[in-house]
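A.B. asks: These protein sequence lines map, in sequence, to chains A and B.
Our numbering puts the first sequence at residues 1 to 237.
Our numbering puts the second sequence at residues 238 to 448.
Take the hints with a grain of salt, since some may be wrong.
[Claimed, not checked] Subject to a maximum C-alpha distance of 25 Å in a straight line, what follows is the list of computed PhoX-like cross-link-like pairs (lysine-lysine):
no. : chain 1 : residue 1 : chain 2 : residue 2
1   : B       : K326      : B       : K337
2   : A       : K223      : B       : K437
3   : A       : K57       : B       : K275
4   : B       : K315      : A       : K223
The hints are simulated quantities; they were obtained by calculation from the structure and are not laboratory data.
For reference, the chains in residue letters:
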Amino acid sequence: MKREIIVGILCFLIAASICVQYRSVHNYTTNGQASVQSMSENKLRDRVLKEQENYNKLYAQLQDAQAQLEQLRKNSATNSDEAQQLEKQLSELNRLLGYTDVKGKGLIITLKDADANENSSSDNIIHDLDLLDIVNELFNAGAEAVSINDQRIISTSAINCSGNVVRINGQKVSVPFVIKAIGSPEGIYGTMTRPRGYLDLMRSADIKIEIQKKENDDLVVPKYTGTRQYEYLQVAE
Amino acid sequence: MLLTGAMFVQFNTVQVIEESGVGAMRESELRSEYSELKAKSDEIQTSLNEVQQSISEYQNQLTDNQGSISLLREDYNKANCDLGYTDVKGPGIIITISDKDELVEYYDLLFALNELKYAGAEAISINDRRVVNTTFIANIQDRYLVMDGQRITSPYTIKVIGDTKYLESVINIKGGLKDEMENNGKSISYVVEDEVYIGKYTELIEINYGE
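Isolated chain A (complex conformation) (with noise of 0.2 Å):
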């Protein structure tokens, strides 16, 4: 009798328990329209999660060994005046490049979209070339070195938007945008908040603004962390 008890509980909270982790699939493949989750979408899926796997694991490899190579650099150039003068201006240019961590002065912007309601239009929210024109203006005010959400602006960094979805250096961005400038807290804060500047016109489009100036030198400007190569360029002689 005992046993026959402890069994029907035990019937009775698989029962539950499937019913309940059911709902939760449920739930978020539906996302409040009905939809047929098919066998492809699910093969997809753990595809593209297997692909993200290869990609974290080959990411950090890639920063290991920089971070192997720049100490063997500076290892090679103890050995004459002439490495580590060459050492030295690489070390530099890489700076320059965005290769690296910047810490300094300068200003941290901080963007919502504006609250939704029935009124509420496109223009109450932050689209991928409003970002390009901050970015535009930041480096017009003096900006030396600019990071959306820790993605690092360098010369071929595009902004775009494919769906809903932002992205920077083809790494996804959402919502809030952090946008960090290194250079003049006052020199930029004066030249982004001057009337008919571009955050103004975000503003009267109730896109919800913050401005933070960094005067301690504490601001971090992350490195850029995607790659470069070239494929078609060369040097011309």
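Given the structure of chain A, go ahead and fit chain B onto it with the hints provided.
C.D. replies: Coordinates of chain B only, in the frame set by chain A:
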């Protein structure tokens, strides 16, 4: 026991899928997500191979002073090129955007640059001014355009080095550069070239406010 174990595993999988945002994606999104990830992985793999190659080169030359110097010089030259401090050449296209019924605005050129970068441009110049990390374009008093502080005027000649197939496609695609310019009263044309020369950036790039 087995059943609960299996369920636990499944719960975990659901959570991973949800965290990565993959859970809510539809088939077409999944496909493009996959191909983008795959392309990025391939890119990183190529870079990783290059860095590992450099590592072994440096290791081999560690005790050889001249060898170290030539490796450092090679890396220095590559960095110089990345920054825009060398003249470069390669296959590409030359685009001309000019005032027509309407004046070309700073955002037209900004849009053009962004599209070309998206298409994988390896080097770009406008009116022979090289595009670098800190490049900006601005309207001055609604009267003329400046690029990196220097005045530029219509026609705007944009030279680009890269995969001409991709570069052409961002121009000609519906809603692309051509539509954007022509629908707004500006004129645009381009030619594909086997070899485009782009001159070096001639000013100083500095980071003075950060270490």
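A.B. asks: All hints, please: hold or fail.
C.D. replies: Right, here's what the structure says about each hint:
Proximity of B/K326 to B/K337 is assessed by CA-CA distance (about 31 Å); at most 25 Å being required, the pair is judged violated. The suggested pairing of A/K223 with B/K437 holds, with an alpha-carbon distance near 24 Å, which does not exceed 25 Å. Simply put, A/K57 and B/K275 have alpha-carbon atoms about 13 Å apart, close enough for the 25 Å limit, and the pair holds. Taken as a hint, the B/K315 and A/K223 pair is honoured in the structure, with Cα atoms around 18 Å apart against an allowance of 25 Å.
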